[in-house]
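S.K.: Sequence:
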Amino acid sequence: MINFDKVHPRLNTNSVKWDTIAKTYKEENLLPLWVADMDFLAPEPVKKALEKAVAQGIYGYSIVPDSLLDSIIDWQQRRHGYTINKEAILFNSGVVPSIALAIQSYTQEGDAVLIHDPVYHPFAQVVKNNQRTLIQEPLLEKDGHFVIDFEAMEQTIIEKKVKLFLLCNPHNPGGRVWSKEELLTIGRICQKHQVVVVSDEIHQDIVFAPNHFVSFQTVEPSFADFSIILTSATKTFNLAGIKNSMVFIKDQTLRSQFAKTQERNVQGEINTFGLVATEAAYRESEAWLEELLSYLEANRTFVCDFLTEQLPAVTFQKPEGTYLIWLDFSAYGLTDNQLQRKLIKEANVVLNQGNIFGPHGSHHMRLNFACPKELLEKALNQIAAAFKDQPIG
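UniProt numbering applies: residue 1 is where the sequence shown begins, and numbers increase by one.
Any given hint could be a false lead.
What the hints assert, rightly or not - Calculated lysine to aspartate or glutamate pairs in the EDC-like style (CA-CA distance at most 16 angstroms, straight line):
| id | residue 1 | residue 2 |
| --- | --- | --- |
| 1 | Lys86 | Asp66 |
| 2 | Lys388 | Glu309 |
| 3 | Lys373 | Glu286 |
| 4 | Lys192 | Glu159 |
| 5 | Lys160 | Asp225 |
| 6 | Lys86 | Asp74 |
| 7 | Lys342 | Asp328 |
| 8 | Lys250 | Glu220 |
| 9 | Lys342 | Glu27 |
| 10 | Lys47 | Glu286 |
| 11 | Lys318 | Asp111 |
| 12 | Lys318 | Asp305 |
| 13 | Lys52 | Glu284 |
| 14 | Lys388 | Glu346 |
| 15 | Lys86 | Asp111 |
| 16 | Lys250 | Glu291 |
| 17 | Lys373 | Glu284 |
| 18 | Lys378 | Asp305 |
| 19 | Lys345 | Glu28 |
Since the hints were derived computationally from the structure, they do not count as laboratory data.
Full structure from sequences and hints, please.
M.R.: Set out below in structure tokens:
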């Protein structure tokens with residue numbers, strides 16, 4: 001039994017999540033519930049595999065072992081019903097760098113790239129940094145979760161001559177796990193209009209019953225002809241610092257284009273410890289994941305119940321997946337900067353400001369509940385105290 005309740009001090013460990021906030025906000029004793037990593041120890045098999053790699057004492061160049069490829073193939077088949085062969089697997093340092101490579105591989109400068117609004121904020125940054133035209137399609141909120149206006153999406157693709165669509169599944173920050181029917185509609189629209197789909201599936205393993213993750217390429221075999229899948233073990237097993245991710249490209253033409261772009265950018269070599277940790281995670285750490293999911297689900301329930309009882313003016317979308325929850329503070333009538341300042345100065349809590357995820361994220365915040373319940377409860381109590389006397393409207 002893993003003790004996820006134990007608080008592990010992370011200050012002074014060069015942690016982005018913990019060690020940057022005092023300097024950024026000029027405040028001490030801030031509780032960070034922002035950056036999407038977890039405040040839990042990684043699985044013991046991963047730690048042991050890394051210790052063994054360190055102990056051998058020589059840290060030269062590494063090849064990708066067949067055993068790693070086999071572990072990836074087995075994991076995808078067993079957990080997600082996704083069949084992939086070794087030739088279709090490429091490696092890169094992370095999902096966001098892979099998005100940049102995909103944009104460079106499948107579009108030209110000035111081409112339109114479509115993303116949802118709100119969505120994981122590096123999507124927009126990477127599009128603009130590569131001199132493509134950013135198109136943001138608003139998600140609709142219905143019955144407490146995001147839905148896609150497919151008619152509007154198709155019209156936008158036609159009018160803006162969209163060449164590539166960045167899909168986030170499970171969705172960050174809303175926690176939606178897109179259904180097979182939704183993915184089928186997305187795929188048919190993009191197939192019809194010859195739009196390449198780049199599906200970020202890094203949160204694929206963090207899904208709560210009765211929801212079920214569906215990879216884009218499992219919906220319809222022909223979708224593999226115009227799509228690529230990006231994923232990693234890093235979110236699942238709290239390994240963000242190992243810098244290793246996978247790119248699944250079944251179509252030979254798309255794979256060749258991507259590989260050539262990797263070569264031009266001198267990318268694709270993976271940190272030795274990333275290879276080691278990924279294999280240990282997939283091969284030996286499934287039991288750890290099952291315990292983690294139970295703990296995260298309890299934290300999710302705690303957050304939702306707390307907000308309903310103690311902060312009823314703050315509405316939320318109960319996440320179907322991820323360990324992130326999307327909070328709507330708009331009832332208080334605060335500007336984005338006022339909201340952020342109140343959380344920092346009065347609640348002493350750091351969340352992600354909603355407007356960085358797109359224009360429709362204004363007046364929202366993203367909260368990361370992947371931490372010991374003690375820290376989560378403390379942060380929520382501090383937020384509730386800060387807003388106790390805050391007028392509505």
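S.K.: Determine for every hint whether it applies to the structure shown.
M.R.: Checked hints:
1. Only pairs whose Cα atoms come within 16 angstroms are accepted, and lysine 86 paired with aspartate 66 is accepted, the gap being roughly 8 angstroms.
2. Of the pairs offered as hints, the one joining lysine 388 and glutamate 309 holds, with about 12 angstroms between alpha carbons and a cut-off of 16 angstroms not exceeded.
3. Simply put, lysine 373 and glutamate 286 have alpha-carbon atoms about 22 angstroms apart, too far for the 16 angstroms limit, and the pair is violated.
4. With a C-alpha separation of about 14 angstroms, the suggested pair lysine 192 and glutamate 159 falls inside the 16 angstroms cut-off, and the hint holds.
5. Pair hint lysine 160 plus aspartate 225 does not hold up; C-alpha atoms about 23 angstroms apart against a cutoff of 16 angstroms.
6. Pair hint lysine 86 plus aspartate 74 holds up; C-alpha atoms about 11 angstroms apart against a cutoff of 16 angstroms.
7. With a C-alpha separation of about 15 angstroms, the suggested pair lysine 342 and aspartate 328 falls inside the 16 angstroms cut-off, and the hint holds.
8. A threshold of 16 angstroms between alpha carbons decides the hint, and for lysine 250 with glutamate 220 the separation of about 13 angstroms falls inside it, so the pair holds.
9. Simply put, lysine 342 and glutamate 27 have alpha-carbon atoms about 12 angstroms apart, close enough for the 16 angstroms limit, and the pair holds.
10. With a CA separation close to 14 angstroms, the supplied pair lysine 47 and glutamate 286 stays within the 16 angstroms bound.
11. Between the alpha carbons of lysine 318 and aspartate 111 the distance comes to roughly 35 angstroms, so the proposed pair goes past 16 angstroms and is violated.
12. Between lysine 318 and aspartate 305 the CA atoms are separated by roughly 10 angstroms; this keeps the pair inside 16 angstroms, and the hint holds.
13. A hinted pair counts as satisfied when its Cα atoms are at most 16 angstroms apart, and lysine 52 with glutamate 284 qualifies at roughly 15 angstroms.
14. Taking the CA atoms of lysine 388 and glutamate 346, the gap is near 11 angstroms; set against the 16 angstroms cutoff, the hint holds.
15. About 32 angstroms separates the Cα atoms of lysine 86 and aspartate 111, which puts this hinted pair outside 16 angstroms; it is violated.
16. Between lysine 250 and glutamate 291 the alpha-carbon distance is near 33 angstroms, which puts this suggested pair outside the 16 angstroms criterion.
17. Note on lysine 373 and glutamate 284: the hinted pairing is violated, with a Cα-Cα distance of about 26 angstroms set against a maximum of 16 angstroms.
18. For a cut-off of 16 angstroms, the pair hint linking lysine 378 to aspartate 305 stands: about 15 angstroms separates their Cα positions.
19. For a cut-off of 16 angstroms, the pair hint linking lysine 345 to glutamate 28 stands: about 10 angstroms separates their Cα positions.
Of the hints listed earlier, those the structure fails to meet are numbers 3, 5, 11, 15, 16 and 17, in rising order.
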